[in-house]
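This note's numbering puts the sequence shown at residues 1 to 434.
By construction, these hints were calculated from the structure, which means they are not laboratory data. From the three backbone atoms N, C-alpha and C, an ideal C-beta is built for every residue, glycine too. Mixed in with the good hints there might be a few duds.
Each pair of labels, with its calculated beta carbon distance range [as the list claims (entries may be wrong)]:
{"#": "1", "residue 1": "Ile30", "residue 2": "Arg295", "range": "25 to 33 Å"}
{"#": "2", "residue 1": "Ser338", "residue 2": "Glu299", "range": "49 to 57 Å"}
{"#": "3", "residue 1": "Lys331", "residue 2": "Lys306", "range": "48 to 56 Å"}
The list that follows gives simulated cross-link-like pairs (lysine-lysine, DSSO-like), each with its CA atoms no further than 30 Å apart [what the hints assert, rightly or not]:
{"#": "4", "residue 1": "Lys306", "residue 2": "Lys44"}
{"#": "5", "residue 1": "Lys233", "residue 2": "Lys34"}
{"#": "6", "residue 1": "Lys34", "residue 2": "Lys180"}
{"#": "7", "residue 1": "Lys34", "residue 2": "Lys44"}
{"#": "8", "residue 1": "Lys180", "residue 2": "Lys233"}
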Amino acid sequence: MAKMTRKIPTHIIVASTSWISRIIISIIQIFVLKMLIEILGTEKYSVFAILTGLMGWFALFDFGIGISLQNYISEYRANNKDFKEILTITFAIVLAVSLICIFILYLLSPYLSSKILKLFNFLSYYEKTILFFITGFCFLLTNIGSVVYKTLYAQDKGYIANIVPVLGYILSASLLFFLKKNNISNNLTYSILFFLLPNALLPLFLFISYIKPEYLLKLDIKKVYPVLKRAGKFWLFALMAAAVLQIDYLILSQYSVPDDIVIYNLLNKIFFFGFFVYNALLTAIWPTFSYNISRGNIELIYKYTKRYLFIGLLYIIFFTIIALFFIDYIKAFFLPNSDIKIPSLLVTVMGFYYLLRVWSDTFSMILQSANILKPFIIYVPIQAVISFISQVFLVKRYGLYGIVLGLIVSFIFTAVWILPYCSKKLIFKRLNAS
């Protein structure tokens with residue numbers, strides 16, 4: 001009698017490799033973070049934190065093409081259509097757009113750097129310009145890689161997108177270790193380059209391998225127009241989301257001192273390391289939701305939603321408790337020679353904020369996987385205004401607590417209840433009716 005074997009779902013395989021890679025990356029980043037603080041000191045590290053904290057803003061310059069292409073590939077595969085031509089043409093457009101953005105960055109760097117880094121008087125005008133341009137250049141290259149990663153997830157090859165960043169972080173850590181051992185001058189410039197460039201360059205090899213000249217020779221923009229049209233909607237949502245989630249470092253750069261920036265960056269990285277694990281799961285199951293929504297598999301959608309929400313919320317609670325228990329050890333490890341103190345209450349508040357993120361991001365992924373963006377266009381601008389006003393108002397009165405409390409207020413008044421309501425109304429009820 002032939003043995004019956006049960007095939008492991010693809011998204012579980014992808015999520016598992018993603019978790020493994022995130023664990024490896026998190027361990028590497030712990031030592032990278034420690035090395036950076038030792039190399040730069042708290043004052044220069046606060047500049048590093050502000051500049052690298054702009055990643056979310058530079059990520060906007062893929063103009064939503066990555067997510068749009070990912071959903072299109074999932075839909076093409078669900079309907080057994082060939083997607084290679086549209087993939088190649090879209091990649092060519094991404095490359096052209098990235099080159100234009102790099103040129104614009106070169107022109108604007110002197111002005112933007114003087115505004116964002118105005119509190120750091122130990123840097124010259126020229127140094128601020130160079131540091132800002134290098135950071136933006138690396139992030140714009142990273143955008144190209146992120147498009148490649150999204151297409152790999154859509155093709156059930158997300159394990160490749162999980163392995164490449166691990167190699168990038170290993171290379172980054174090696175370069176920073178070399179920098180630390182040799183006491184190279186201009187260490188802030190080299191620290192940014194060594195930290196960002198490997199993960200910007202490695203995906204380019206994948207990117208180049210996907211471009212097929214035979215498709216470019218018969219370029220038909222009409223075939224890509226639906227991708228670009230939908231990308232515009234995703235980009236608008238990403239822009240509004242950045243106004244909610246990425247405004248924190250800009251506000252810190254205007255109202256805080258270096259020590260506060262270091263504390264916020266350290267805590268944010270610690271919690272984001274933890275949040276990476278759940279975020280990796282959301283990234284892996286996104287194509288699965290797109291596929292099942294296209295097929296109308298309402299039972300599976302319900303099942304996955306309940307399962308992963310429970311896992312995510314329980315995980316963040318556990319992670320926060322662990323962070324509270326080890327906070328003194330964390331401070332001693334990263335800031336052994338500093339008088340900086342990390343309040344336990346701030347850790348608890350940060351943990352509550354990430355609980356809201358798990359809840360909101362799950363329903364956000366469900367709506368986006370179904371290409372339902374109208375709710376975001378309506379509510380996210382309101383959340384962005386609430387977030388900005390709350391953070392500016394509260395940071396002046398409560399310091400770092402004000403930044404996190406401002407984010408919490410913006411989520412409670414909008415995303416926490418709007419996204420589940422829209423998911424139920426626009427997806428679950430619609431599929432049940434059909």
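Range hint compliance [Cβ, Lys331 to Lys306, 48 to 56 Å] = This hint is violated: roughly 38 Å between Cβ atoms.
Does the alpha-carbon distance linking Lys306 and Lys44 stay inside the 30 Å limit?
-> violated, 44 Å
Do the alpha carbons of Lys34 and Lys180 lie within 30 Å of each other, as the hint requires?
-> holds, 11 Å
Pairwise hint evaluation, Lys44 against Lys34, where the allowed Cα distance is 30 Å at most | holds, 14 Å
30 Å limit on alpha-carbon distance, applied to hinted pair Lys180 and Lys233 | violated, 44 Å
Please test the hint of 49 to 57 Å on the beta carbon pair from Ser338 and Glu299.
-> With Cβ atoms ~54 Å apart, the hint holds.
Range agreement (Cβ of Arg295 with Cβ of Ile30, hint 25 to 33 Å) | violated, 42 Å
Is it true that the CA of Lys233 sits at most 30 Å from the CA of Lys34?
-> violated, 39 Å
Violated hints, in rising order: 1, 3, 4, 5, 8; the structure is consistent with all others.
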